[in-house]
Amino acid sequence: MRDACHKVRQDDNVRVLVLTGAGAAFSLGREPLPTELATGSAIQRQAWIEQLRVADALANLPIPVIVSINGDALDHGLELALAGDIRISAEPASFGLTDLSKPGCFPWDGGTQRLPRLVGPAWASDLMLTSLVIGSAEALSIGLVNRVVPPGELTRETQRLAEAIAAGGPIAARYAKEAITKGADLSLAEGLRLEADLNIILQSTDDRAEGLQSFVEKRPPRFTGQ
Amino acid sequence: MPAFETLLYSKDHGVAHIALDRPKVRNAFNIQMRDDFAEVLSAIDDDPDIRAVLISGEGRAFCAGADLTEFGTAPSLVKAREVRWERDVWGQLHSLSKPIVTAVHGYCIGSGLEIALLSDVRVAAAGTVFALPEVQLGIIPAAGGTQTLPRNVGAAVALDLLLTGRRFDAAEALRFKLITRIMPEGRLMAEADQIAQLLAQVDATRMLGAINAMKQGSDLALDQALQLETRVAELALGQ
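Chains as they are written, first to last, in our numbering: chain A, 5 to 230; chain B, 586 to 824.
Derived by calculation from the structure, the hints in this document are not laboratory data. All clues stand as given, with none of them false.
Cross-link-like lysine-lysine pairs, in silico, DSS-like; alpha carbons within 27 Å at most:
1. A:K222 <-> B:K609
2. B:K762 <-> A:K186
3. B:K596 <-> B:K609
4. B:K762 <-> B:K800
5. A:K11 <-> A:K186
6. B:K800 <-> A:K186
7. B:K664 <-> A:K186
Based on the sequences and whatever the hints tell you, model everything.
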């Protein structure tokens with residue numbers, strides 16, 4: 005996952021990333037802590053966790069990331085899904101962070117932080133503390149996923165969503181993501197400063213000129229990412 | 586107050602009413618409108634008789650977004666950045682000392698939506714079309730939308746709406762918690778006016794205290810925010 009994210013980062017032609025699962029499930033389960041480490045030092049356990057953490061590599065990508073959830077997303081699988089920007093799910097799919105019900109397991113790939121930020125503390129507590137598993141309709145209603153589609157339509161709907169995003173200005177899309185994700189950790193006043201500065205930088209791009217020109221000429225824009 | 590080129594302004598029973606008034610271009614927000622807004626907001630801020638503000642749009646739409654025909658007229662990036670903060674009409678809206686109700690109908694696009702996001706109570710006519718199309722034009726929102734939208738609807742919904750630029754309707758806006766009330770178009774202004782009158786009945790100190798406690802508190806850790814609330818309440822309850 006880290007290598008793949010690195011590859012995506014190096015490729016300027018990639019405007020949107022789609023993450024999905026092969027087979028029936030999106031991703032389930034978790035690597036439990038090896039028993040000998042449980043009695044070892046905290047430093048050893050930390051090293052083991054650091055080695056397995058991958059969600060940050062995904063979350064830190066500058067381009068938009070769509071998570072196309074083709075089936076159940078549980079435990080570490082859910083943590084991966086939480087690291088993307090927009091989640092689209094097939095029906096039916098189950099969602100949960102059930103680590104506390106399993107010995108040797110704990111959410112260590114962003115779940116304790118990204119879940120409450122996405123669905124609010126009440127739902128995050130219920131899911132995480134009771135190991136509750138919910139279906140796609142409920143996931144939609146609490147904001148865990150953005151969209152739910154019938155199973156046969158996931159690939160097509162994901163493609164449509166990705167193309168809609170890729171049709172926009174690539175720099176604008178990255179800056180919009182930066183403004184929203186970085187802005188979440190800032191005060192409103194600081195966030196507004198960030199937005200204004202990104203806006204000024206965008207004024208120097210060819211894509212902005214092309215976007216405005218295409219609007220005036222009532223034609224689709226041809227963005228180059230410059 | 587003098588008449589404005591792009592705005593209608595009236596005052597009645599403590600409520601100031603601003604109507605965007607460029608109906609031929611669906612109230613597209615241009616530089617003149619920005620300057621008119623700056624002037625009217627500063628007058629409203631200073632007027633002790635005004636205890637609530639209502640913003641709406643004349644004609645078939647609330648606001649179809651920024652007037653793109655005026656884009657690219659700033660002399661340089663350095664100058665553009667200076668002007669952004671010299672004429673900070675968005676900051677004026679956000680820090681206005683009176684509560685703001687916005688009534689939107691028809692189209693509420695781009696900067697129109699950002700104006701609504703900077704107000705306190707938002708009511709929409711059924712069938713109103715919303716969108717933030719900036720990214721599809723190679724730009725990003727410039728009136729605070731990248732910050733105010735996620736603070737209202739959450740980052741995931743904000744990214745979906747902003748990255749795709751897709752249109753959504755009032756029912757979806759209600760589900761996203763972007764607005765709190767939907768009215769049939771024929772009853773929109775009566776409802777919005779009633780809300781504004783209600784806000785105007787509350788004494789200014791407590792109204793402003795409640796708004797400031799929420800706005801300032803949202804940038805603080807809870808324990809600090811609760812201390813802020815105590816200080817605000819102490820002042821607001823004084824005669």
